[in-house]
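2 protein chains.
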Amino acid sequence: MRVGILGGGQLARMLALAGYPLGLNFVVLDPGADVCAASVADQLQGAYDDESLLAELAAKVDIVSYEFENVPARAVELLADKVPVYPPRQALAMAQDRLNEKNLFRKLGIATPDFVAVNSLAELEQAMEQVGWPAVVKTRTQGYDGKGQAVLSQPEELAPAWQSLSGVPAIVEAFVPFEREVSIIAVRSTTGEMICYPLTENTHRDGVLRLSIARPDDPMQSQAEAYAERLMNELDYVGVLALELFQAGETLLANEFAPRVHNSGHWTQDGAETSQFENHLRAVLGLPLGATDAIGYTAMVNLIGAIPAVEDVLVNTHSHLHLYGKEPHPGRKVGHINLQAQSKQELEAELKLVLTLAGE
Amino acid sequence: MRVGILGGGQLARMLALAGYPLGLNFVVLDPGADVCAASVADQLQGAYDDESLLAELAAKVDIVSYEFENVPARAVELLADKVPVYPPRQALAMAQDRLNEKNLFRKLGIATPDFVAVNSLAELEQAMEQVGWPAVVKTRTQGYDGKGQAVLSQPEELAPAWQSLSGVPAIVEAFVPFEREVSIIAVRSTTGEMICYPLTENTHRDGVLRLSIARPDDPMQSQAEAYAERLMNELDYVGVLALELFQAGETLLANEFAPRVHNSGHWTQDGAETSQFENHLRAVLGLPLGATDAIGYTAMVNLIGAIPAVEDVLVNTHSHLHLYGKEPHPGRKVGHINLQAQSKQELEAELKLVLTLAGE
Numbered sequence: 010m011r012v013g014i015l016g017g018g019q020l021a022r023m024l025a026l027a028g029y030p031l032g033l034n035f036v037v038l039d040p041g042a043d044v045c046a047a048s049v050a051d052q053l054q055g056a057y058d059d060e061s062l063l064a065e066l067a068a069k070v071d072i073v074s075y076e077f078e079n080v081p082a083r084a085v086e087l088l089a090d091k092v093p094v095y096p097p098r099q100a101l102a103m104a105q106d107r108l109n110e111k112n113l114f115r116k117l118g119i120a121t122p123d124f125v126a127v128n129s130l131a132e133l134e135q136a137m138e139q140v141g142w143p144a145v146v147k148t149r150t151q152g153y154d155g156k157g158q159a160v161l162s163q164p165e166e167l168a169p170a171w172q173s174l175s176g177v178p179a180i181v182e183a184f185v186p187f188e189r190e191v192s193i194i195a196v197r198s199t200t201g202e203m204i205c206y207p208l209t210e211n212t213h214r215d216g217v218l219r220l221s222i223a224r225p226d227d228p229m230q231s232q233a234e235a236y237a238e239r240l241m242n243e244l245d246y247v248g249v250l251a252l253e254l255f256q257a258g259e260t261l262l263a264n265e266f267a268p269r270v271h272n273s274g275h276w277t278q279d280g281a282e283t284s285q286f287e288n289h290l291r292a293v294l295g296l297p298l299g300a301t302d303a304i305g306y307t308a309m310v311n312l313i314g315a316i317p318a319v320e321d322v323l324v325n326t327h328s329h330l331h332l333y334g335k336e337p338h339p340g341r342k343v344g345h346i347n348l349q350a351q352s353k354q355e356l357e358a359e360l361k362l363v364l365t366l367a368g369e
Numbered sequence: 010m011r012v013g014i015l016g017g018g019q020l021a022r023m024l025a026l027a028g029y030p031l032g033l034n035f036v037v038l039d040p041g042a043d044v045c046a047a048s049v050a051d052q053l054q055g056a057y058d059d060e061s062l063l064a065e066l067a068a069k070v071d072i073v074s075y076e077f078e079n080v081p082a083r084a085v086e087l088l089a090d091k092v093p094v095y096p097p098r099q100a101l102a103m104a105q106d107r108l109n110e111k112n113l114f115r116k117l118g119i120a121t122p123d124f125v126a127v128n129s130l131a132e133l134e135q136a137m138e139q140v141g142w143p144a145v146v147k148t149r150t151q152g153y154d155g156k157g158q159a160v161l162s163q164p165e166e167l168a169p170a171w172q173s174l175s176g177v178p179a180i181v182e183a184f185v186p187f188e189r190e191v192s193i194i195a196v197r198s199t200t201g202e203m204i205c206y207p208l209t210e211n212t213h214r215d216g217v218l219r220l221s222i223a224r225p226d227d228p229m230q231s232q233a234e235a236y237a238e239r240l241m242n243e244l245d246y247v248g249v250l251a252l253e254l255f256q257a258g259e260t261l262l263a264n265e266f267a268p269r270v271h272n273s274g275h276w277t278q279d280g281a282e283t284s285q286f287e288n289h290l291r292a293v294l295g296l297p298l299g300a301t302d303a304i305g306y307t308a309m310v311n312l313i314g315a316i317p318a319v320e321d322v323l324v325n326t327h328s329h330l331h332l333y334g335k336e337p338h339p340g341r342k343v344g345h346i347n348l349q350a351q352s353k354q355e356l357e358a359e360l361k362l363v364l365t366l367a368g369e
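In order, the protein sequence lines correspond to chains W and L. Just so we're aligned, residue 10 is where the first sequence starts under my numbering, counting upward by one. Just so we're aligned, residue 10 is where the second sequence starts under my numbering, counting upward by one.
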């Protein structure tokens with residue numbers, strides 16, 4: 010079986026590495042010249058909406074998936090005429106538009122921070138009366154890693170914030186005083202089989218994920234699973250889905266979902282019996298899903314902008330390094346370190362060391 | 010860093026898959042046209058003793074290793090003039106000749122079955138008086154997976170056995186009534202750091218490994234580790250080494266060692282914190298070695314000659330499939346299944362299912 014992936018970055022690379030043992034081969038489509046998945050997959054180089062390349066991809070593979078959610082809808086349409094494309098396009102459409110996404114959450118009884126759609130500065134000013142201060146204004150489309158959003162703390166910030174987003178359609182959300190950010194990595198296969206990983210607790214820096222800690226037996230697990238299940242059933246979802254949540258009191262509030270393998274699930278490579286990458290492939294191929302149990306105490310630290318000396322990382326015998334084969338640039342995710350431990354205390358001690366190495 | 014590997018089979022493939030996350034890239038040298046490592050590594054196609062290809066390989070990589078022990082000594086010599094080659098050639102020389110190997114065991118105080126070198130039928134007849142019946146006669150070189158050997162149960166078998174081995178220099182060994190076959194997978198790095206995996210209990214069929222079960226806390230662990238340590242220190246060894254042993258009473262008798270990653274260590278991919286493949290790469294690169302602890306109860310079943318339907322394998326959520334991308338032929342190793350379990354009983358139940366799938 011040959012699997013096509015739109016995008017040739019680290020997620021495609023890690024999907025391919027997880028897929029060879031299942032007997033799969035990979036073709037990625039990416040406009041980039043030196044994409045990091047190309048070491049372990051064939052690459053078609055060109056634009057995501059290049060019709061002849063998309064036809065070539067469809068002819069070469071049995072199934073297509075993608076590693077980022079801003080895939081042009083037209084590309085998915087063209088491909089889907091010829092080969093199965095998972096996750097399904099309705100999931101992509103929802104994830105590409107924060108307003109549709111939030112409306113879907115609301116419809117499914119998945120709690121969210123209060124939100125209002127805004128299409129002008131005047132609407133934004135009016136919306137603030139409903140959502141209250143402080144708030145966050147976010148473009149409806151194209152946002153990722155904290156880009157395309159602005160925090161609003163006082164009235165004078167409204168005009169510059171609106172301008173910074175170039176006046177495109179947006180939503181404004183109440184800024185919820187939350188205790189922690191968590192995500193649930195869930196998988197659903199073409200057969201409808203569904204399974205979740207233990208809840209992950211996430212820490213961001215400047216809008217970019219820095220640190221994930223797996224929390225098996227977390228008291229919020231069942232609420233998160235119920236949300237993910239509702240969402241995946243509604244979308245007739247296939248593949249891995251990551252749902253990002255804020256915890257406020259005993260309630261989880263949905264922030265957004267990603268219709269793909271997700272950075273907050275990278276710990277599963279070493280810390281779970283089956284990685285999110287393998288389970289994504291199993292799901293899109295309709296194969297039985299693998300066990301998602303966590304192994305001991307486990308966490309992930311992102312390497313952003315710089316790669317520490319490999320020997321310094323591995324001197325902790327429970328550190329597992331995952332480099333993406335990318336040149337370091339400021340702010341660029343170039344790898345991550347997964348940690349294993351026998352106890353919470355041991356994990357905390359390891360985390361301290363590794364966060365220092367990672368430049369915290 | 011670029012790593013060269015002599016041989017492009019499944020061991021090279023699994024080394025490469027384990028090495029990308031460390032930021033490595035791979036070039037394999039193999040005469041074959043459709044070798045299974047070529048999906049995940051560049052290939053130089055040609056003979057192992059092709060001097061210009063060896064020079065090309067040396068120019069392309071920072072270090073060379075190999076996936077089989079019958080590497081021509083001349084190839085290693087040529088390479089070693091230009092790049093580090095690990096495991097070191099003295100280990101290769103020993104592993105390529107059963108007589109040297111057994112003499113080395115004897116010298117290091119590593120118990121072995123009684124053995125005598127034989128160079129003619131007359132010598133074989135004479136040797137039988139020393140080692141006693143039954144016995145096994147094995148060619149000194151080129152044997153693997155039970156090839157190049159014959160069991161001797163009665164005097165009439167001596168002449169045909171000697172003929173079946175084409176009369177090449179051989180050793181005859183006492184056939185020890187052993188309780189079980191085990192192996193110890195050990196790793197030693199360029200820095201001298203050394204670590205072993207939990208003892209593995211192995212079952213062969215027709216001379217080919219069928220099943221390995223990891224035995225953490227085995228009472229024979231320390232004896233096996235002491236043997237491996239003596240051997241690796243003597244050879245100034247670098248990389249993974251597999252030492253195959255028979256247990257007779259409270260004594261382990263060394264059968265042979267392989268200077269490479271080994272089939273009986275494949276369970277470490279899912280069943281140990283760091284796989285033998287990753288630790289081999291760490292060792293040859295002089296990086297700190299990763300933890301070798303077993304995760305729960307774990308075993309490996311080889312797929313030989315046929316690949317069962319993937320969905321039938323994965324329906325057990327604790328089965329982890331490793332296919333090599335090879336066409337099945339009778340007797341050919343085409344993949345393996347690693348099993349995880351929370352208890353001995355669970356592992357036994359899984360093993361029963363998987364052995365049936367694998368054609369037992």
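Everything labelled a hint here was simulated from the structure, so no lab data went into it. Hints may be right or wrong, so weigh each one.
Unchecked claim - Computed cross-link-like contacts, SDA-like style, restricted to lysine to any residue with a CA-CA straight-line distance of at most 20 angstroms:
no.	chain 1	residue 1	chain 2	residue 2
1	W	K335	L	H213
2	W	K353	L	L366
3	L	K361	L	E238
4	L	K69	W	A47
5	L	K335	W	K353
6	W	K116	W	D106
7	L	K353	W	D302
8	L	K335	W	R341
9	W	K335	L	G32
10	W	K116	W	E234
Unchecked claim - Cβ-Cβ distance ranges computed for the label pairs, FRET-style:
no.	chain 1	residue 1	chain 2	residue 2	range
11	L	S352	W	S61	33 to 41 angstroms
12	L	N242	W	E259	56 to 64 angstroms
13	W	D43	L	D58	19 to 27 angstroms
Even glycine gets a Cβ: it sits at the ideal position worked out from N, Cα and C.
**Item:** Unsatisfied constraints (hint numbers, rising)
**Value:** 1, 2, 3, 5, 8, 11, 13
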